[in-house]
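Each chain, letter by letter, is given below.
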Amino acid sequence: MRLSILFGFLTLVSLAIETAVPYWFPLRMLVPNLIVILAVDLGLRHHGAIPIALAFAMGYATDAFAGTILGLNAMLITVIYLLAYEVSSRLMVTTALVGSIMVFAGVLLSTIGGLVLNSGFAALSDAGPLFPHFAAEAAISAIIAPVIFAFLSGIKRITGLPVGPARE
Amino acid sequence: MKGSFLWRNRVGLMGGALIVFSLYLMTAGVRHGDRIAAPARGMLEVLRPVQSGTADFGQGIRSVYHDYLNLVHVRQENERLLTELAQVRADQARMAELEVENRHLTELLELRDALGVDAIAANVIGSDATGLSHTLILGQGSASGLKAGMAVLSNRGVVGRIIATSPHASRVLLIDDHNSALDGFDQRSRARGIVAGVVDDGIIMKYVDRSEDLKPGDTIVTSGLDGIFPRGLLVGTVRGVHREGPGLFLTVQVDPAVDFRSLEQVLVVTQQMPQMTADQKG
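These protein sequence lines map, in sequence, to chains A and B.
According to our numbering, the residues represented by the first sequence are 1 to 168, in order.
According to our numbering, the residues represented by the second sequence are 1 to 282, in order.
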């Protein structure tokens, strides 16, 4: 329950930032994909049915503010969670570096995957000039991810939630 | 129960089910207005206050950016504009002055044309240094053709006469100076007298016969008999008539027509005035 409330609140804040900041400042590329970072944190550190449902809900909430296809971001964020879950399950240690790599891959997946699901594979060839922007956004998200992971760890300690990954 | 296949693979199974559901949402043509999209619409409503607050905050930050971080350019622009404004104001004041001067000169020109005499305009550049006498200093002198004894007029009436010149300056004795005297008469009753200044300010008309009819409000004009001032120029208005005492003459107090303290340009009559005889006065 606490996990749901915490990540629900953080999702709202993240969406508020992602929808407001690019509007007021010409810094779209510099705004990290906070939803993906939250989903990766969930996948690395919280294993279970509720966390994956939370990831789905986060993606669904993103659909409310992004694009026209309902369910697109819900599916992508769920997939990103599953990938992070699998990595966390296979590795002995999940450090901030691992988290950053997962975030990088997750952002690329969400942007390119979203492009393909929206417009088809043919759009990939037309979107060539956008790939540097996708990569930049993924890199910035990956760089900022450890800071957010640390912030989340601090909040989890305060709220009594488990900080480390749960091993099954 | 824990340890069963479902429990051990709950994440994968749950994930698979959610992915399938997502695909259903994507492929079933669900629109944001459909019932199944109600949670998404709810998200919009829930987040609206947060977005409004963030937008206000972002707008404030952007204002700070525009207002303060660009202050260097604003300050330079401000300084440039202030300098420009000061220049414009100075030009404006000068324009206003030129306009006033132009109007004065136009009136003097009209006066000269009305009089039909030779005259030149002169600027008043100073007044008496001691204050004991009532004189003005003009910015033109003998080099401009001015000579002692020439009449000095304004568009409102008689000012005085030149008493001294240098090549580029002249001194004018005002009619309200106690050393000044000119021949004038009441335009209504035709009563003649000598208009002279008094020590304690103002002008009076003296040597007016006691039997003459003068009233407050009467207009006093030059007679032309002194050979200095052209005939019919406005001197002033009668303020009071005193008949006290056993003397032969009245004492007539006159308000001068000209405000000597506000003179800026005057007209100097350069043409020699013919000295009219008493028989020639109208």
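Think of the hints as simulated: they come from the structure by calculation, not from any bench.
Owing to the predicted nature of the structure, the values given are computational and were not obtained by experimental measurement.
We put the beta carbon where it would ideally sit given N, CA and C, even for glycine.
Any given hint might turn out to be false.
Examples of chain A residues lying across from chain B (beta carbon under 8 Å, computed) [what the hints assert, rightly or not]:
id: 1; residue: I69
id: 2; residue: A74
id: 3; residue: T78
id: 4; residue: V79
id: 5; residue: V87
id: 6; residue: F134
id: 7; residue: A136
id: 8; residue: A139
id: 9; residue: I140
Beta-carbon label-pair distances, calculated as ranges [stated by the list, open to error]:
id: 10; chain 1: A; residue 1: V116; chain 2: B; residue 2: N9; range: 23 to 31 Å
id: 11; chain 1: B; residue 1: S63; chain 2: A; residue 2: I158; range: 57 to 65 Å
id: 12; chain 1: A; residue 1: G154; chain 2: B; residue 2: L81; range: 47 to 55 Å
Take a look, some chain A residues computed to stay more than 10 Å from chain B by CB distance [to be verified]:
id: 13; residue: A49
id: 14; residue: L72
id: 15; residue: M75
id: 16; residue: L108
id: 17; residue: I155
Against the structure, the hints come out as follows:
1. I69: 5 Å, holds
2. A74: Check passed: Cβ of A74 (chain A) comes within 5 Å of chain B, closer than 8 Å.
3. T78: 5 Å, holds
4. V79: 7 Å, holds
5. V87: Constraint on V87 (chain A) not satisfied, violated at 13 Å.
6. F134: Status violated, d = 21 Å.
7. A136: 22 Å, violated
8. A139: Violated - the Cβ of A139 (chain A) stays beyond 8 Å from chain B, reaching only about 24 Å at its closest.
9. I140: 19 Å, violated
10. A:V116 - B:N9: 23 to 31 Å: Distance hint for V116 (chain A), N9 (chain B) holds at roughly 28 Å.
11. B:S63 - A:I158: 57 to 65 Å: Since the Cβ atoms of S63 (chain B) and I158 (chain A) sit about 34 Å apart, the hinted range of 57 to 65 Å is violated.
12. A:G154 - B:L81: 47 to 55 Å: The hint (47 to 55 Å, Cβ to Cβ) holds, given that G154 (chain A) and L81 (chain B) are roughly 51 Å apart.
13. A49: 5 Å, violated
14. L72: 6 Å, violated
15. M75: Since the minimum Cβ distance to chain B is about 3 Å, M75 (chain A) lies within 10 Å and the statement is violated.
16. L108: Label holds. Min Cβ-Cβ 19 Å, cutoff 10 Å.
17. I155: With a cut-off of 10 Å, I155 (chain A) remains clear of chain B, as the shortest Cβ separation is near 18 Å.
Violated hints, listed in ascending order, are 5, 6, 7, 8, 9, 11, 13, 14 and 15; each of the other numbered hints is respected by the structure.
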